[in-house]
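Visitor: Residue numbers (my numbering): 1 to 106.
You may find that some hints are simply not true.
To be verified - Each pair of labels, with its calculated beta carbon distance range:
#	residue 1	residue 2	range
1	His25	Gly79	22 to 28 angstroms
2	Ser32	Gln52	31 to 37 angstroms
3	Ala47	Ser96	34 to 40 angstroms
4	Arg101	Ser32	23 to 29 angstroms
5	Ala65	His27	18 to 24 angstroms
Hints listed in this document are in silico derivations from the structure and should not be mistaken for laboratory results. All C-beta atoms in this analysis are idealised placements derived from N, C-alpha and C, irrespective of residue type, glycine included.
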Amino acid sequence: MAGGVLAGAVAPVRAAGALAIQDTHLHTPPDSHEPQRAQIALRNAGADPVTQVTILCTFTGAGGAVLDTQTVSVPDIAGGAAVQAEAIYYGYPRASGAACRITGPD
Numbered sequence: 001m002a003g004g005v006l007a008g009a010v011a012p013v014r015a016a017g018a019l020a021i022q023d024t025h026l027h028t029p030p031d032s033h034e035p036q037r038a039q040i041a042l043r044n045a046g047a048d049p050v051t052q053v054t055i056l057c058t059f060t061g062a063g064g065a066v067l068d069t070q071t072v073s074v075p076d077i078a079g080g081a082a083v084q085a086e087a088i089y090y091g092y093p094r095a096s097g098a099a100c101r102i103t104g105p106d
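From just these sequences and the hints, can you work out the full model?
Guide: See the structure below:
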């Protein structure tokens, strides 16, 4: 997860087209009692920092049935930086896929 301490107030910046999910990988541990994780690689290709980023991840099962949705928050991403985020699925049955999309800043 990205994080940091900011001195002063920073308004959210909308980096149109600069913020993108590069990859989403569903990690399924061998122990079925452990949660599954959508591991998200996120990049800010713009020069300006982006704050208060939210990502919505949908976990799907057999036939594409939606099992759960989770929201992930990333407090800030520096200009030109890549960060990792994670959404956790605790449910049953096991998910067979995960799709994530950026939903904010607005």
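Visitor: Of the numbered hints stated previously, which ones are contradicted by the structure, given in increasing order?
Guide: Violated hints: none; all satisfied.
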